[in-house]
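When you get a sec, could you build the whole thing from the sequences and use the hints?
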Amino acid sequence: MQREVIRAENLSCSYTNSMVLDRISVVVDAGDYVGVVGPNGSGKSTFIKALLGLCSLSGGSISLFGTPQASFRQWERVGYLPQSLAMQNALFPATVAETVALGLLSGKRFPRKILSQDRYKVEQTLALLGVDALRNKLIGELSGGQQQRVFLARALVNDPELLILDEPTAALDPETRERFYGLIGDLNRTRGTTLLLVTHDTGVIGGYASKMLYLDKSVLFYGSFDQFCHSSEMSALFGSPSQHIICHRH
Amino acid sequence: MKVWIKCSVICALLVFIVSGCARQDEKNKRNTAGSGLRIVITLFPLYDFSRAIIGDKGTVVMLVPPGMEPHSFEPRPDDVARISKSSLFIYTNRYMEPWADRIVKGIASPQLVVVNAGEGLTYLESTGNAHEKHDHAEEHKHRQSAVYDPHVWLDFGNAVKMVANITQAITAADPGNRQYYENNAAALKKRLEDMDKRYSKGLADCSSRLVMHGGHYAFGYMAHRYKLDYRSLSGVSSESEPSAAKMAKMVRQIKASGVRYLFAEEMLSPRISETIAAETGASVLRLHGAHNIAVDEYNKGTTFFDLMDVNLKMLQKGLGCSEK
Amino acid sequence: MQEVPLMEIFVYGFVQRAMLAGSLISVLCSVLGVFLVLRRMSLIGDGLAHVTFGSAAMALAMKLYSASSLLISIPVVLLSSLGILKLMEKGRLSGDAAIGIVSAAGIAAGIILASIGGGYNVDLLSYLFGNILSITFEEVCIAVVLFVVVMVMMLLFYNDLVAVTLSEELAKVSGVPTRLISSVLVCLTALSVVLAMKLVGIMLITALLVIPAASALQVARSFKICVLLAGLQGVVSVLAGIVISFQFNLPTSASVVVLNLVLFMVACLVRRLRVTGSNS
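Residue numbers (numbering that gives the first Met the number 0), protein chains in the order written: chain Z, 0 to 249; chain U, 0 to 323; chain E, 0 to 279.
Calculated directly from the structure, the hints in this document are not laboratory data.
Note that the coordinates shown come from a computational prediction; the quantities given were computed from them, not determined experimentally.
Backbone N, C-alpha and C fix where the C-beta goes; we use that ideal spot for every residue, glycine too.
Possibly wrong hints are sitting among the right ones.
Unchecked claim - List time: in silico EDC-like cross-link candidates among lysine to aspartate or glutamate, alpha-carbon distance up to 16 Å:
id : chain 1 : residue 1 : chain 2 : residue 2
1  : U       : K254      : E       : E7
2  : Z       : K107      : Z       : D117
3  : E       : K62       : U       : D204
Said to hold, decoys possible - Coverage of chain E stretches by chain Z, computed from C-beta distances (three or more under 8 Å per stretch; other residues unrestricted):
id : stretch
4  : 131–137
5  : 167–179
6  : 217–225
This is the structure:
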């Protein structure tokens with residue numbers, strides 16, 4: 000049975016006086032792998048932030064797992080990897096293990112203590128992402144790709160049903176990027192984790208995602224990649240040659 | 000737009016309040032009634048002497064506001080304006096107000112006469128405890144070897160000379176009322192001399208001559224005149240922080256000598272004195288250095304003599320002197 | 000200039016109280032300091048001390064001295080600390096700018112209030128700033144209570160604090176009440192500054208909030224170790240500082256601060272050696 004994971008209706012969000020999102024209506028079902036694409040400034044990140052309660056709505060409604068966003072408390076079901084989480088402070092003294100363990104806070108009530116029995120979850124996730132050898136290193140000492148994996152581990156430590164990633168591969172080299180997509184693709188296939196991935200790589204994501212959401216302040220397209228490639232509206236938008244190049248890979 | 004309006008309103012309000020307060024501040028700077036000669040002085044003893052001499056023929060304004068410790072006083076712009084509008088600016092001595100020279104250089108007023116009330120006095124070096132280093136070296140940078148104790152007014156013989164200096168300046172500025180000023184000055188000198196006699200008698204026969212002071216070295220001149228053994232915790236300026244070793248030493252000295260009273264100074268927090276007293280079982284008595292007075296006392300019209308009379312009683316109690 | 004043999008200094012009551020209260024205060028300041036330094040709010044101790052100055056001027060104008068002045072100071076400083084957070088949020092300012100604004104406001108208010116009154120009965124500054132050598136028994140009790148309050152809160156909120164300090168966004172999405180946690184941090188700091196200032200003076204407070212944390216950050220290999228090291232440096236610097244000030248007849252507060260600086264340089268050196276060690 001298909002469960003609705005995200006339902007956004009007529010969502011509008013504005014900073015100061017400019018309308019960043021204009022009446023977005025989207026439904027994401029369990030197990031979907033949605034690529035969120037669009038030009039710069041199209042509001043992709045804002046859409047994500049609105050879903051997560053990090054941006055205040057000026058209109059419409061969002062519900063997560065059937066619960067309205069404002070009263071949603073089951074954050075252990077959601078994993079979030081924000082855009083360019085470069086360590087501003089290279090001296091931040093947390094180890095990889097400590098950082099990933101922080102992901103466990105979602106599932107806890109006050110006082111949020113990390114217990115010894117939680118350690119195994121942390122270890123499992125570290126191993127899954129191949130960073131268990133780095134467990135005692137300070138996160139400031141890692142490379143960009145390694146940090147990315149650590150924060151992904153943090154997002155995954157509670158085995159969430161929904162994983163939201165905001166431009167996760169922007170700073171990665173092609174090889175690392177491929178591995179990354181492979182990894183989360185596995186999650187989607189084997190565990191049924193719903194994925195919502197914001198990216199520039201319209202062409203690349205098309206090969207993995209089950210659905211494409213094209214945003215430019217409003218929803219310009221929402222459907223499968225195939226439909227995307229054959230859509231006349233998209234041709235009109237991109238121009239046929241570009242559309243061909245994007246879809247060419249597949 | 001709205002934000003600008005809000006800001007302007009708030010700014011206007013602030014300016015209004017501050018200027019209103021400044022006017023209030025002016026009124027509070029109490030002066031003796033009457034127009035005529037306008038004198039600005041720095042410290043309380045000068046204030047008391049000047050107003051006694053000038054009587055109702057002029058105004059005396061005290062620069063350091065009541066309640067403020069003068070060793071850390073720095074004049075504000077309106078203080079400079081106040082000085083430049085007056086005929087006489089009288090300060091205590093170069094060591095007490097090192098900023099006095101700097102200020103008067105900046106004032107272009109031709110009719111302003113600057114008076115060093117401490118001219119011609121003998122200045123003692125501040126020894127505190129012998130061979131001690133002094134914490135306030137930065138105030139006396141230009142005087143290399145010697146550090147002089149500025150608290151001259153606590154030796155009443157010096158006070159008499161200061162009165163003479165002040166009278167001379169006032170008479171020079173207003174020769175018409177010479178007789179009036181000199182009569183007042185003579186009465187003042189007599190009071191000072193009487194007090195000196197009371198002190199000499201009152202401190203003649205005491206079971207101890209040891210004055211232990213938990214504050215800064217202010218009573219050197221008084222101790223010198225009446226042959227008291229004066230030990231203070233800190234140096235000549237009130238800004239120095241007492242060291243742990245000195246505190247321990249004073250505790251040992253008090254215990255060894257068996258004195259039961261320790262003195263604390265006016266207006267500053269007596270914490271350190273109370274700590275030493277608690278350690279030794281002594282009690283704390285207050286000794287007023289007359290640098291400045293509390294605003295309540297100022298409003299009541301307390302005089303230098305009132306303060307010194309109380310000091311005598313405190314000294315007699317602390318040193319176990321027989322009443323005479 | 001050894002006037003007192005080392006063992007003898009412990010005999011003095013004021014030394015015992017200085018060591019006890021000083022240690023407790025240094026630990027709680029160092030621990031708070033780790034989070035403050037990482038959030039670029041290192042100077043909040045200084046800023047809140049200026050606000051305390053303004054509030055004390057207000058209290059003295061109302062003829063409230065000593066303990067009763069705290070009735071004014073504590074609420075004013077607590078509100079100011081929350082005000083700093085509000086400025087950061089609504090004014091889109093970083094911590095240092097927000098602190099600078101509130102700090103300047105505090106000084107200005109104090110100066111204006113001080114001159115309005117036309118004078119005081121006591122010297123404002125000498126009552127405001129305590130001295131570690133003049134701590135009374137009651138003040139030791141205050142230090143104990145403050146220590147317990149701060150450490151209990153730190154323990155209860157430890158993981159939340161680490162999460163919020165690392166990334167406020169991620170913490171929010173983990174269900175951590177980020178505004179509340181930030182408020183708890185600054186309010187605890189405000190309370191510590193107001194009370195500890197009366198006990199040990201402003202120089203020690205601002206130094207203890209920053210330097211032990213900065214030193215620990217140089218060498219710590221995990222967050223837990225960072226907090227522990229900072230607390231350890233706090234205690235060591237106070238105890239050793241008191242002893243050294245005796246042995247060499249130096250002002251005590253300054254000795255403690257200098258020791259902290261020395262330990263900081265040692266930490267930097269250790270870090271430098273580690274780096275070259277791993278490179279070779």
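Hints and how they fare:
The suggested pairing of U/K254 with E/E7 holds, with an alpha-carbon distance near 15 Å, which does not exceed 16 Å. The hinted pair formed by Z/K107 and Z/D117 meets the criterion: a straight-line CA distance of about 11 Å does not exceed 16 Å. Restraint check for E/K62 and U/D204: not satisfied, since their Cα atoms lie roughly 41 Å apart, outside the 16 Å limit. Remark: the stretch 131–137 of chain E is not confirmed as covered by chain Z, as 0 of its residues place a Cβ nearer than 8 Å to a Cβ of that chain, below the required three.
Here the stretch 167–179 of chain E counts 8 residues with a CB under 8 Å from a CB of chain Z, which clears the bar of 3, and the coverage holds. With 8 residues having a Cβ less than 8 Å from any Cβ of chain Z, the stretch 217–225 of chain E passes the three-residue criterion, so the hint holds.
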